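Peer 1: This is what each chain is made of:
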Amino acid sequence: MNKASRKHIIELLDKGIRLDGRKPDQYREVSVEFDVTRSAEGSARVKIGDTEMITGVKMELFEPYPDTPDQGSLMVGAEFSPMASPEFESGPPGIESIELSRVIDRGIRESQAIDLKKLCLKKGELCWMVVIDMAPINAAGNLFDAGALSAIAAIKDTKLPGIKDDQVDYDNKTEDPLPVKKVALSVTVCKIGKHLIIDPLPEEEKVIDARLTVATDESGELCALQKGGEEPLSVEEIDKMVELGIEKGKELRAKLES
Amino acid sequence: MSELLVKEKQVTVPGEVLAEGMDYLPGNNTYREGEKIFSSKLGLASVDGRAIKLIPLSGKYLPKEGDTIIAEVIDILMSGWRVDTGSAYSAMLNMKEATSEFIQKGADLTKYYDFGDHIVCKITQVTSQMLIDVSMRGPGLRKLTGGRIIRANPNKVPRIIGKKGSMVSMIKDATGCRITVGQNGVIWLQGEDPNMELLAVKTMRKIESESHISGLTDRIKSFLEKETGKKISAKEGEKNDVR
Chain S
31 MNKASRKHII ELLDKGIRLD GRKPDQYREV SVEFDVTRSA EGSARVKIGD
81 TEMITGVKME LFEPYPDTPD QGSLMVGAEF SPMASPEFES GPPGIESIEL
131 SRVIDRGIRE SQAIDLKKLC LKKGELCWMV VIDMAPINAA GNLFDAGALS
181 AIAAIKDTKL PGIKDDQVDY DNKTEDPLPV KKVALSVTVC KIGKHLIIDP
231 LPEEEKVIDA RLTVATDESG ELCALQKGGE EPLSVEEIDK MVELGIEKGK
281 ELRAKLES
Chain P
3 MSELLVKEKQ VTVPGEVLAE GMDYLPGNNT YREGEKIFSS KLGLASVDGR
53 AIKLIPLSGK YLPKEGDTII AEVIDILMSG WRVDTGSAYS AMLNMKEATS
103 EFIQKGADLT KYYDFGDHIV CKITQVTSQM LIDVSMRGPG LRKLTGGRII
153 RANPNKVPRI IGKKGSMVSM IKDATGCRIT VGQNGVIWLQ GEDPNMELLA
203 VKTMRKIESE SHISGLTDRI KSFLEKETGK KISAKEGEKN DVR
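So the protein lines, in turn, are chains S and P.
Using this note's numbering, read the first sequence as starting at 31 and increasing by one per residue.
Using this note's numbering, read the second sequence as starting at 3 and increasing by one per residue.
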C-alpha cells in the first residue's frame with residue numbers, strides 16, 4: 031500500500047537523510063520529566079519529538095506466589111487511547127499494546143533492574159508489587175523507546191508508600207526509593223531496504239522490513255531482544271543493530287541524569 | 003437592543019456567542035438559537051453588514067464540484083477505481099474518465115492505477131447524497147510518481163497557494179521543488195535536493211500555523227531568504243494577508 035512512500039524513504043536514505051532531515055542514526059529531541067502525577071508513587075513524562083508518553087508506578091501489597099515466596103512482583107501494562115492516534119481503537123487491548131508492555135516488562139525483568147527480593151516484607155505472606163502503567167499521550171512513532179525510557183524514569187522516581195496494619199497507606203509517602211539495581215532501557219533499530227535507522231517516524235514505521243528492540247543496562251550488557259516485522263535479519267545485521275542499540279542506549283541514558 | 007459580542011477577526015470557538023438580538027443574521031458556519039448567534043466552528047469572525055460570518059480555521063475537507071484534488075486509490079472495481087478524497091466520502095473514477103487510452107475489456111486495471119497510488123484529479127460531480135465522481139481528463143491531471151505526500155489543513159489551502167498561486171510559486175522558486183497542492187489539503191512535492199524538499203515542507207507548515215496573522219507573505223519571503231541565502235523577488239500585487 032505504501033510503495034511510493036517506501037521508495038521515497040529509501041531514496042532519501044541512499045543520500046543519508048531522513049524524511050524530517052535527520053541522519054539515519056539520530057534521535058529526535060528527547061526530554062524526560064519526573065514526578066508528573068500526584069496519585070502515582072512514581073511517574074515520568076517522556077517526549078521524543080512529537081511522541082509523548084506518561085508512565086506511572088503504583089505500589090500494591092500482595093501475598094507472594096508459592097514458587098517465589100521471598101520476592102516481590104512486577105507488572106507492566108500499556109493502554110493505547112484513541113486520543114493518542116487515529117489508528118488506535120478503544121476496547122480490549124490490541125496486539126500492539128500487548129507487545130509494547132511485554133517488551134518493556136522483559137527489559138526491566140531480565141536486566142534485574144529492580145531487586146525483587148528486597149520488596150519482600152514477610153516471607154510467604156506479604157510483598158510489594160510494582161505496577162507500571164504506560165499511556166501514550168501522542169503516538170508519533172517509536173513508542174517502544176519512549177515507553178522503556180519513561181518506565182525506568184518512573185521507577186527511579188518512585189517513593190514507597192507507608193504501611194498501616196498490613197495495608198497500604200497511600201496518603202503517607204515514605205522517603206524510601208525502590209531498590210533499583212540497574213538502569214535498563216531499550217533502543218529500537220529498524221531496517222528499511224539495506225539501511226538501519228533508529229527512532230522511526232510513523233511514516234517510516236509503516237514501511238519497515240524489520241525491527242529489533244535492544245534492551246541494555248548501564249554497563250552495555252544485553253538484557254533482552256525483541257524482533258518484529260516481516261522480513262528476516264541476517265547475523266551480520268543483528269550484530270550491527272545490537273551495536274547501534276548499545277551505543278545509542280548510552281545517549282538516552284544521559285537524558286535520565288539531567 | 004442588539005449587541006455584537008466579537009471583534010472583526012477575533013478567534014472564536016464552537017458554542018461561543020457572537021451576537022445577541024435579532025438585528026444580526028447568522029452567516030456561514032454560525033447558527034441562531036433564540037435571540038443569540040453562536041459559532042459552530044473554530045474560526046475567525048467577520049461582520050459583513052448585518053450578517054456575521056466565520057472563516058474556519060479547522061475542519062475536514064468537503065468535496066466541491068470543480069475542485070482539483072489529490073486522491074489515493076483505495077479500491078479497484080469492474081468499471082473503475084474508488085479513491086479516497088480525504089473527506090468523509092470516497093469518490094469514483096470511472097474507466098471512461100481515467101485515461102485517453104483505450105482500455106481493453108477485462109484488462110488488468112492495476113496497470114493504470116494501483117492500490118495506494120496518488121492521483122491528481124478533478125471533481126466533476128457531487129450529488130446531494132455525496133456520491134462523488136472524479137475525472138482524469140484535463141490539463142495537469144495525472145498519476146503522481148515519486149516524491150512525498152503531506153497532509154495540510156484543507157482550510158489553509160488558499161493561504162498555501164496564495165493569490166493567483168503567488169505563495170506556492172515563491173516556494174517553488176526558492177526550493178526548486180515540484181509542488182502540487184490539492185484543494186483537499188493533500189500536497190505532493192518532489193525535489194532534487196532533499197534539504198530543499200524539507201525546507202518546502204517546513205515552509206508550508208509555517209504557513210499553516212501562521213496564516214491568520216497578517217503580513218504572511220513578507221514573513222514567508224524573509225524566512226525563505228534566510229534559509230536559502232538567496233534573494234527572492236516577490237511578484238507584484240501579491241500581498242497575501244488574511245481575508
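In short, the hints are calculated from the structure, not lab data.
Because the structure is a prediction, the values reported are computed rather than measured.
Note that the Cβ used here is the ideal one computed from N, Cα and C, for glycine as well.
Among the clues, some could well be false.
SDA-like cross-link-like pairs, simulated, lysine to any residue; straight-line CA separation at most 25 Å [what the hints assert, rightly or not]:
| # | chain 1 | residue 1 | chain 2 | residue 2 |
| --- | --- | --- | --- | --- |
| 1 | S | Lys-33 | S | Asp-50 |
| 2 | S | Lys-285 | S | Gly-121 |
| 3 | S | Lys-53 | P | Arg-180 |
| 4 | S | Lys-77 | S | Val-60 |
| 5 | P | Lys-43 | P | Lys-66 |
| 6 | P | Lys-204 | S | Lys-189 |
| 7 | P | Lys-204 | P | Ser-60 |
| 8 | P | Lys-208 | S | Phe-64 |
| 9 | S | Lys-53 | P | Lys-204 |
| 10 | S | Lys-53 | P | His-214 |
| 11 | S | Lys-33 | P | Asp-119 |
| 12 | S | Lys-77 | P | Asp-110 |
| 13 | P | Lys-158 | P | Lys-38 |
| 14 | S | Lys-236 | P | Lys-43 |
| 15 | S | Lys-33 | P | Ser-60 |
| 16 | P | Lys-204 | S | Gln-56 |
| 17 | S | Lys-211 | S | Leu-49 |
| 18 | P | Lys-62 | S | Glu-233 |
| 19 | S | Lys-148 | S | Ser-115 |
| 20 | P | Lys-208 | S | Glu-273 |
| 21 | S | Lys-33 | P | Met-80 |
| 22 | S | Lys-45 | P | Lys-223 |
| 23 | P | Lys-9 | P | Glu-210 |
| 24 | S | Lys-189 | S | Leu-104 |
| 25 | S | Lys-257 | S | Glu-140 |
| 26 | P | Lys-38 | P | Val-8 |
| 27 | S | Lys-224 | S | Lys-211 |
| 28 | P | Lys-228 | S | Leu-104 |
| 29 | P | Lys-166 | P | Gln-131 |
| 30 | P | Lys-208 | S | Lys-211 |
Partial list, derived from the structure: chain P residues whose beta carbon lies under 10 Å from chain S [to be verified]:
| # | residue |
| --- | --- |
| 31 | Leu-44 |
| 32 | Val-49 |
| 33 | Leu-59 |
| 34 | Gly-118 |
| 35 | Ser-137 |
| 36 | Met-138 |
| 37 | Gly-142 |
| 38 | Leu-143 |
| 39 | Arg-150 |
| 40 | Ala-154 |
Peer 1: Starting from Lys-208 (chain P), check that the Cα of Phe-64 (chain S) is at most 25 Å away, please.
Peer 2: violated, 32 Å
Peer 1: CA of Lys-62 (chain P) to CA of Glu-233 (chain S), is that 25 Å or under?
Peer 2: Holds - the C-alpha atoms of Glu-233 (chain S) and Lys-62 (chain P) are around 21 Å apart, at most 25 Å.
Peer 1: Would the hint linking Lys-33 (chain S) and Asp-119 (chain P) be met if the CA-CA limit is 25 Å?
Peer 2: holds, 8 Å
Peer 1: Between Lys-33 (chain S) and Ser-60 (chain P), does the CA-CA distance stay at or below 25 Å?
Peer 2: The given pair, whose Cα atoms are some 30 Å apart, is violated under the 25 Å limit.
Peer 1: Min Cβ distance, Met-138 (chain P) to chain S: is it shorter than 10 Å?
Peer 2: violated, 17 Å
Peer 1: Regarding the pair Lys-166 (chain P) and Gln-131 (chain P), is the alpha-carbon distance no greater than 25 Å?
Peer 2: violated, 32 Å
Peer 1: For the pair supplied as a hint, Lys-158 (chain P) and Lys-38 (chain P), is the alpha-carbon distance within the 25 Å limit?
Peer 2: At roughly 29 Å apart (the allowed maximum being 25 Å), Lys-38 (chain P) and Lys-158 (chain P) break the hint.
Peer 1: Quick one, are Lys-257 (chain S) and Glu-140 (chain S) close enough, alpha carbons at most 25 Å?
Peer 2: holds, 16 Å
Peer 1: Hint check: Lys-77 (chain S) vs Asp-110 (chain P), CA-CA at most 25 Å. Holds or violated?
Peer 2: Cα-Cα ~47 Å, so violated.
Peer 1: Lys-204 (chain P) and Gln-56 (chain S) were given as a pair; does the straight-line alpha-carbon distance stay at or below 25 Å?
Peer 2: With a Cα-Cα distance of about 19 Å, the restraint between Lys-204 (chain P) and Gln-56 (chain S) holds, given a limit of 25 Å.
Peer 1: Holds or violated: the hint that Ala-154 (chain P) contacts chain S, with Cβ atoms closer than 10 Å.
Peer 2: violated, 15 Å
Peer 1: Is the Cα-Cα distance between Lys-224 (chain S) and Lys-211 (chain S) 25 Å or less?
Peer 2: violated, 37 Å
When each numbered hint is compared with the structure, violations occur for hints 2, 6, 8, 10, 12, 13, 14, 15, 17, 19, 20, 22, 27, 28, 29, 30, 31, 32, 33, 35, 36, 37, 38 and 40.
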